[in-house]
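K.L.:
Sequence:
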Amino acid sequence: PSCEPDGIHDHCFFSAAATKKSTTSNGIHHIRHQSTLFRNQTRNLDEDNDSPPKIAVEGNIPYHGKGIQVGQCAELRRTFSQGDVSEFGTLIGDLNPVHFPPNLSNAEQKVEMQHSNYEKPIVHGILLSSVFSTIFGTLIPGCIYRNQTLSFRNPVSVDEQIIGRVVVKKLRQINRRGGRGVLCICDTTVTKSETQEGVAIDSGGIKKEDSLCISGEAQVW
Numbered sequence: 050p051s052c053e054p055d056g057i058h059d060h061c062f063f064s065a066a067a068t069k070k071s072t073t074s075n076g077i078h079h080i081r082h083q084s085t086l087f088r089n090q091t092r093n094l095d096e097d098n099d100s101p102p103k104i105a106v107e108g109n110i111p112y113h114g115k116g117i118q119v120g121q122c123a124e125l126r127r128t129f130s131q132g133d134v135s136e137f138g139t140l141i142g143d144l145n146p147v148h149f150p151p152n153l154s155n156a157e158q159k160v161e162m163q164h165s166n167y168e169k170p171i172v173h174g175i176l177l178s179s180v181f182s183t184i185f186g187t188l189i190p191g192c193i194y195r196n197q198t199l200s201f202r203n204p205v206s207v208d209e210q211i212i213g214r215v216v217v218k219k220l221r222q223i224n225r226r227g228g229r230g231v232l233c234i235c236d237t238t239v240t241k242s243e244t245q246e247g248v249a250i251d252s253g254g255i256k257k258e259d260s261l262c263i264s265g266e267a268q269v270w
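Under the working numbering, the residues of the sequence shown are numbered 50 to 270, in order.
Do not take every clue at face value.
[Said to hold, decoys possible] Result set (DSS-like, lysine-lysine): computed pairs, CA atoms no more than 30 Å apart in a straight line: (1) Lys218 / Lys115; (2) Lys169 / Lys241; (3) Lys218 / Lys241; (4) Lys219 / Lys241; (5) Lys115 / Lys219.
I should point out that these hints are in silico values taken from the structure, not numbers from a laboratory.
Please construct the entire structure, taking both the sequences and the accompanying hints into account.
P.N.:
Here it is as structure tokens:
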């Protein structure tokens, strides 16, 4: 399904939420939730390092989930650099050579890379799937991940742009300690952005099934 509400692609750049105290003319204090929404703007993430980065999430899932409906969706375009992949691999201890540039002085590693059939290092599947958490955390601050299934279909190389997408397919009222809430069940996918609609982009013709990298289902409260 398209993430274009009313035929218009809605580019939303959200900053971290904050609260602000205001005083009315009658002296009553109100605590007002403040979230900054930027439209059709871009920002260098290296600037203002003290400020939280603004995440570009497109779609029609309402902020804070108020009025959320089945069929609504949101997506995020992202490219993972070799620096991102190397840092993630080092952090979690996954030093599989398929994720790192080959050390040409290391004959054993050269053989390992030849057997992997990948011309460039590939991004960890778990790192790719983190875009779902980014989408949920950006649009619905305070939400809790309940479950996530993942099926890894095709690899993604470093510096290759992908689109992470969530589509609301079911809403269910649940009881939780402290009150009732809504369990949001979503289809989740990661695709290569050039073939998001399954259209061939070169003379070789990349099929739609080749553009699908991850599929699964998320449950978020």
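K.L.:
Now, for every hint given, state plainly whether the structure supports it.
P.N.:
Checked hints:
no. : hint            : result
1   : Lys218 / Lys115 : 16 Å, holds
2   : Lys169 / Lys241 : 16 Å, holds
3   : Lys218 / Lys241 : 22 Å, holds
4   : Lys219 / Lys241 : 26 Å, holds
5   : Lys115 / Lys219 : 15 Å, holds
Checked against the numbered hints above, the structure violates none of them.
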